[in-house]
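Asks: Now for the letters of each chain:
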Amino acid sequence: MKGTPLFPRADIVPPDENLVPRGAPIVNAAVPSTAVIPLLQHEGPPARCVVRPGEHVREGMVIGKADGPLSANVHSSIPGTVREILPVEMPGGSVDAVVIDLGGEFDRSGRPRVSRTWEALSRLDLLSRVQAAGIVGLGGSLLPTHLKLATAPGAGVEVCVANGVDCEPSLSADNALMREKGAEIAEGLRICGRLLGARRLVIAVSEEEDDLPGMFERVFRAKDMACDVVVLPARYPYGHEQLVMAAVNGSAPGVEPGATPGKVLNVATLHAIYEAVVLDRPMIERVLTVTGDAVAQPRNLKVRVGTRVGDLFDECGGFTRPPARVVLGGPMRGSALPSLEAPVTKGTAGVVALSRAGAGPCAAYPCIRCGLCVEACPWGLVPVRLYKLIRQGRAGHAESEGLSRCTECGCCAFACPSNIPLVTELRAGKRAAAEAKHG
Amino acid sequence: MNGAGSPSRHERRAIVLVLGAGPAAAVSTRLVDGVVMAIATFVVLAGVSLLLPLVRRGIQRDDAVGPGPTAPPAVLWGALLISSCLTALVELALNALMPAESARLGIYVPLIAVSMLTMGRVDELALCPSPARALAPTLGVGAAYAALLVIVALAREVLGSGTITLGRTTSLGILADDPARAFGLAAGALICLGYLAAALRLLPGSRARSDGGER
Amino acid sequence: MAERSREARLLQAPAPHSRTSLSTPVLAWIVAASLVPALAWGIALFGLPAALVCGTALVAAVLAEALTTIPFGRFTLADGSAVLTGLLVGMFMPAGVPLGIPAAASFFGLVVVKQTFGGLGRNWMNPAVGGVLFALVSWSVSMTHWVALPGGLAVPPLESLRAALAAGTSAGGPLSALNAGGYVFSAVDAAVVGWVNAHLPSFLGAGLQRGTFDVLVGIVVGPTGAVSAPLLAAGAVLLASRGIIRWEIPVAYLGVFVILVLLLGGPAAGRPLHPGGALFQLLSGSLILGAFYAATDPVTSPLVRTGRWAYGVALGALTFLLRSFGSVGDGVVASIALGNTLVPLIDRATVPSRPGARGRARPELPPGGAA
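Protein chains in written order, with our numbering: chain D, 8 to 446; chain U, 104 to 318; chain W, 2 to 372.
A hint or two may mislead.
[What the hints assert, rightly or not] Label-pair ranges, simulated between beta-carbon atoms:
(1) P231(W) / E50(D): 54 to 62 Å
(2) P38(W) / P213(U): 57 to 65 Å
(3) P234(U) / Q399(D): 33 to 41 Å
(4) Q399(D) / L200(U): 52 to 60 Å
(5) V142(W) / R363(D): 48 to 56 Å
(6) A371(D) / S328(W): 53 to 61 Å
[Unchecked claim] Some chain D residues close to chain W (C-beta under 7 Å, calculated; not the full set):
(7) C56
(8) P373
(9) V389
(10) P424
Since the hints were made in silico from the structure, they are not lab data.
Everything numeric in this text was worked out from a predicted model, so none of it was measured.
Cβ coordinates follow ideal geometry from the N, Cα and C atoms, glycine included.
Okay, chain D solo, but in the shape it has when bound (with noise of 0.2 Å):
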C-alpha cells in the first residue's frame, strides 16, 4: 500500500530533547488579558491598518486589510479596545502591531457552532472565504493560501497533498492536530481538491505516527472519499514540501515544486481552510508546540495570535532552567528571540526554549574537509564547496553548483563539527548572486 522512500541524504536526527508526549492532548492556552497583533504576519507587503486607538473590536474583526495580492487580512483574536498602534521586534525586524486590550464579549468562543455546506459554493466564493480568512502557509512559506489555491482547474494539477509531517524536528503540533481534528482536515483536503482540480488526494504522515494511517483511513471512508495515505520516514526535513512530493510522486527531490504537478498544503492550513469556509472563521488561533530542555511541561497549545510567548511558557510550567535561548519555530530553521515579549503570529509552529546556547553566530574551528555536510545535505549539494566560493567572493559560480537549490533547512549546519554557520553564509550568498545579476 505504501512505500516509505528513503533518500540517501536527508539524515538528521537531532536529538530528543524534552518532547511533547505523543498522543497528549492539545491543551487550550489562557486567552491574553493583551494580544499584541503583528500587521505582518505573511510573506510580502504588511496589512493597511484598518483601527484607530480607543477604538472597540470584536473577536474575529478585520483590524488589517491585504495590502496588495501579496497580503493577507489580520483579524483580532479577542474582543477588547485597541489601545495603540506600535512598533514591536520581531525575529524579521521591527513590525507594526496593533495592542488590543481584552474586554467585552466573545462572539464565537463558546457559542454553539454553525457549519454550512459549501458543496454548493462556486470556486470563486470558496477563494474569497479563504482570501477574507487571512489563511497563510503554515508549512512555512506564510504565502498567502488562496494564491496557492487560485490555479484554474485542469491547469494540470495532478495530486493535492496534506503534508501531515511536523516541518520540525522536536515539534508535533500538526500530529496533535491531526489526531483530534481528523475528519476536519480530510474535509480541508477536500475543499482544496475541489478548488484545484486535483484527480488525486493524498495524506502523508510520519513514519513515528503509527496510528494516523489507520485513524486517517477510517475517517476517509466515514466520508466516503478516496484518498491515500503516504508515510515518510521520521527524519529531517522530510516535512518539505518537495521531498513530500517527490515521496508522492516517486521521483527525485530538488525538482521546483511548481513544475511538479501537484500541491502540497500543510493540514494546519487545511484545518484553518476548513474553519473559514464551514465554520466561517477567520485565522485567529493556531496550535503549537510548547517545547525544550529548559521547559517544565512541554505542550501543545492552542493559543491566539497575539499571546505573549513568555506567556505560554507559564502556561507549561514555566522553566526549570534559565533559557539561553528562545527560539520562534522550530530548533533547525526558527529565529532566535530578543526576549519573551514578542507575539505569537499565525506561522509560529513553536516555541522551543534551549538552556544550553547551542550553536554560537561564528565558526569555532576551521573546516576540518570532513565531509559531513555533504552528507547531511537532503538536496545533494556541496555545503562546503559553496561555502568556500562565496567566502571567495564567487557566489555567482556558486549559484552555478546550485546554490539556488538550497533550502536552508539547516542540516549542513547541524553535522558541522566545527560549528561554521553555513546556512547564514549560503543565505548571504543568495543574496550577493541575485544582487550581481540585476545590478
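Using the hints, position chains U and W against chain D.
Replies: Relative to chain D, chains U and W alone:
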C-alpha cells in the same frame, strides 16, 4: 621597465616564482657549491646585460618590434647565443681554476644559460636600449639569485650534513653525527625556498596578496 | 521589569539552534583516546624506551603547537589535533630511536607540515605522516633501532623475511620462511601454537605454524603503536561505526593491498613479497595503524564518498609498490604522504560540480513505488 625602481620587484619575483629552482635544488647542498654557482650566474648575467644592448641594434629590424612587451625573435636568439657563449667561458674558467668543484657541479654550470631564460631576464634585457639601463636591474636579480643560492646552500648544509664547507669543512658537533638528511634531498631545497619566499613577502613594500586562503 | 534583565541574556544566533554533539575537538580527542590501548600494548612490550620515545613525540608536538600559535594570540591545544599528531608520531617510531628523532619528527610535522600552511584544516599532508616521513628519510639508520623482545631478535619480522628471501629461502609462506631463517618467536606463541596443533582435529591439515599467534596478537618487534593490530582494529571499528572515521578508506586501502599481494606477490613479480602471505603482510609494519588512523585524517582525505574509495585504492597500490620496491621504511608512511598529495586531484574529479545532475539524490523506492 624604468631602471632604478624595478630591481626590488625583480629580485622578489625571481625567488617567489622559484625561477631557476632546478640548479638551486641540485647544487645547493654545500655552502661552497652555492657560492661558486652564485658567482658563475652573476658573471653570466652581468655579461649578457652588458653585451646584449650593444649588439641589439645590429640584429633587430625596426619593423619587427611586436606590439606587446616581448622582444622580437632575432633578439631572443641573440641573447641565448651570448649567454651560451658566456656560460661556456665560465665553465672553462671554472674547470681550469677549480677542477674538483667543476666536477661536482657538472651539468649545472652549463644550465645557467637555461636558468637565464627561465628567470625571464633575457626577455627584458632584449628590450633595454642601453647597457647602463640594463645593468641596474640585472645586477639586482643577479645579487638576489646569488644570495638565494648562498642562503639555501648554507641552510641545507648545516641541517642536512651538519657541516659548513667553504675552503675547508667545519663540522658542527652533534648535528654532524646524525644530520637531517632530508634537507640534502631536493625536497629540502624546496622547503628552504618556500620559507625564503614567505620571508620575502613579509618585507615592507612587497605585494603580499591574500588569495582567499581556502582551497 | 526584573524579567527584562533576565531576557537580556537570551542568545541571538542564526538557525539552526540545535547541533551535533560531535564537534571538531571531540572528534580529535575520541580518536586520540582510541589509540591509547594499542599504545599501552606497545609500551608494555618494549618498556621504558618506548614510553620515552612516545612521551618525547607528544611533548614536542604540544610544544611545537604552542610555540607556533600562542605568540600569535591563538590557543589551539584544546582542539586535540596536536596531541593526536604527537601520539601518532610516537606510535610510528621504533622504540629504540634516539630521543632527538621523535622530537624532530613532531616538530617538523607540526611546524613545517601543519602550521606553515595555516594550521588545522589547511595542511595538505597529515602532520604525523609528514613528520615520520621526514625522520625516515633523514635518519634511515636510526629509524631501524628496534628494541628486542625478551629472548628475541631486535629485527621486525618483515625485515627478517626480506633478508631471508634475499638469501634465497623459498619455504612455502612467510612464516615458514621466517622459521627456516631462524627467526625467534615468543614462548607464549610456542605454547599457544603447540596447544592448538595438539588439539586441532587432524583433518584440518598441517596445523598452525610457529609465529602465527605472535603475528596475530602483536608480540613482535615493530613500531611501538603499530604492533597490536587487534587493539587498533577494534578501536577503528568503534570509530567507524559512529562515523568518526570513514570506513571506505581503510576498506579500500587494505582490500586493494591484499588483492595485490595475492595476485602479484609471487615469483612472477620478482618475489617482492612472499606469496600466500597476505595476512602476514597485512599485520606487519605499520599498515593497520596507517590505514585506520593516518589515512583517515579528514583534513587530508577526499571530501566525498567516491573520492574516499579512490583514495583508498590509490593508497593500497602505493603501499604495495613501496613495500615491494621502495626503501623508505615499510612503505606505509611514504604511501600515505604520496596519497595526501593526490587528494586535491581526487577531489577535483569526484566532488560534483553540478550536484543532482546525475540523479545522485534519487530516492530508493521499494518495488511498486509509493502508495
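Asks: Hints first: check each against the structure and report whether it holds.
Replies: Hints, verified against the model:
no., hint, verdict
1, P231(W) / E50(D): 54 to 62 Å, "holds, 60 Å"
2, P38(W) / P213(U): 57 to 65 Å, "holds, 59 Å"
3, P234(U) / Q399(D): 33 to 41 Å, "violated, 46 Å"
4, Q399(D) / L200(U): 52 to 60 Å, "holds, 54 Å"
5, V142(W) / R363(D): 48 to 56 Å, "holds, 55 Å"
6, A371(D) / S328(W): 53 to 61 Å, "violated, 43 Å"
7, C56, "violated, 27 Å"
8, P373, "holds, 3 Å"
9, V389, "holds, 6 Å"
10, P424, "holds, 5 Å"
This entry does not satisfy hints 3, 6, 7, going by the numbered hints stated previously.
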